[in-house]
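Colleague: Sequence:
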Amino acid sequence: MATEKSDRPTPTGTSDKGLDAAMNGLQDVLESKLTIVSLSSYDGRGAQDTMRSVPDAVSGCANGFTVSAKGQDTQKFTKVAEEKSSGSGDESVAFAVTGKADGDTTTVHGEVVRHGSTVATYYSISLAALAGKQDKYRVPAEIVKAQAAKLARS
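If you're matching positions, the sequence shown starts at 1 in my numbering and goes up one per residue.
Among the hints, erroneous ones may be present.
Unchecked claim - List of simulated lysine to any residue pairs, SDA-like, C-alpha gap at most 25 Å: (1) Lys76 with Cys61; (2) Lys84 with Ala57; (3) Lys76 with Glu91; (4) Lys33 with Gly99; (5) Lys79 with Glu91; (6) Lys33 with Gly87; (7) Lys76 with Ala96; (8) Lys33 with Gln147; (9) Lys84 with Val58; (10) Lys136 with Gly64; (11) Lys145 with Met51; (12) Lys84 with Lys150; (13) Lys70 with Gly116; (14) Lys76 with Asp102.
Treat the hints as calculated values from the structure; they're not laboratory data.
Work out the full structure: start from the sequences and follow the hints.
Modeller: Written out as structure tokens, the structure is:
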């Protein structure tokens, strides 16, 4: 049985075009990546010392770790692995943290970049990955580059 598409609204008020647009919008959302950027400023050698501690933390947590907070469920991360960094700033370290969320395995990608006495930390997650779909991604290079340009002007 063939179904004819219509531009007229259905009894619920949605046309086939409207439904297609909604589905495309939903697909766009699921393909989105969320990146959180934080900036920390240090005195003296604080930024360098912080950067020196990042690879130690990545290797020290290679076999995973758990996080718990009062009133919250304990969260288990199963693996932390170093990744290729952007090479931005004076020095940079990238890593992936893998864990379980609602029964699905998901990965958050991070990068820590030093610009003089300022350390920029980036965490990126794919909404598709949160929904249990395979998605290859990293911290978006354009975000790291844009933040580096802002820090260079300051």
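Colleague: Does each hint hold? Answer for all of them.
Modeller: A quick look at each hint next to the structure:
1. For the suggested pair Lys76 and Cys61, the alpha carbons sit about 12 Å apart, so the restraint of at most 25 Å is met.
2. For the given pair, Lys84 sits about 16 Å from Ala57 by alpha-carbon distance, which is consistent with the 25 Å threshold.
3. Our distance criterion of 25 Å between C-alpha atoms is broken by Lys76 and Glu91, whose separation comes to about 29 Å.
4. Simply put, Lys33 and Gly99 have alpha-carbon atoms about 17 Å apart, close enough for the 25 Å limit, and the pair holds.
5. Note on Lys79 and Glu91: the hinted pairing holds, with a Cα-Cα distance of about 23 Å set against a maximum of 25 Å.
6. Distance hint between Lys33 and Gly87 is fulfilled; the C-alpha atoms sit about 21 Å from each other, no more than 25 Å.
7. With a C-alpha separation of about 14 Å, the suggested pair Lys76 and Ala96 falls inside the 25 Å cut-off, and the hint holds.
8. Of the pairs offered as hints, the one joining Lys33 and Gln147 holds, with about 17 Å between alpha carbons and a cut-off of 25 Å not exceeded.
9. At roughly 13 Å between alpha-carbon atoms, Lys84 and Val58 fall within 25 Å of each other, so this suggested pair holds.
10. Note on Lys136 and Gly64: the hinted pairing holds, with a Cα-Cα distance of about 21 Å set against a maximum of 25 Å.
11. Between Lys145 and Met51 the CA atoms are separated by roughly 19 Å; this keeps the pair inside 25 Å, and the hint holds.
12. About 23 Å separates the Cα atoms of Lys84 and Lys150, which keeps this hinted pair within 25 Å; it holds.
13. Our distance criterion of 25 Å between C-alpha atoms is broken by Lys70 and Gly116, whose separation comes to about 36 Å.
14. Simply put, Lys76 and Asp102 have alpha-carbon atoms about 11 Å apart, close enough for the 25 Å limit, and the pair holds.
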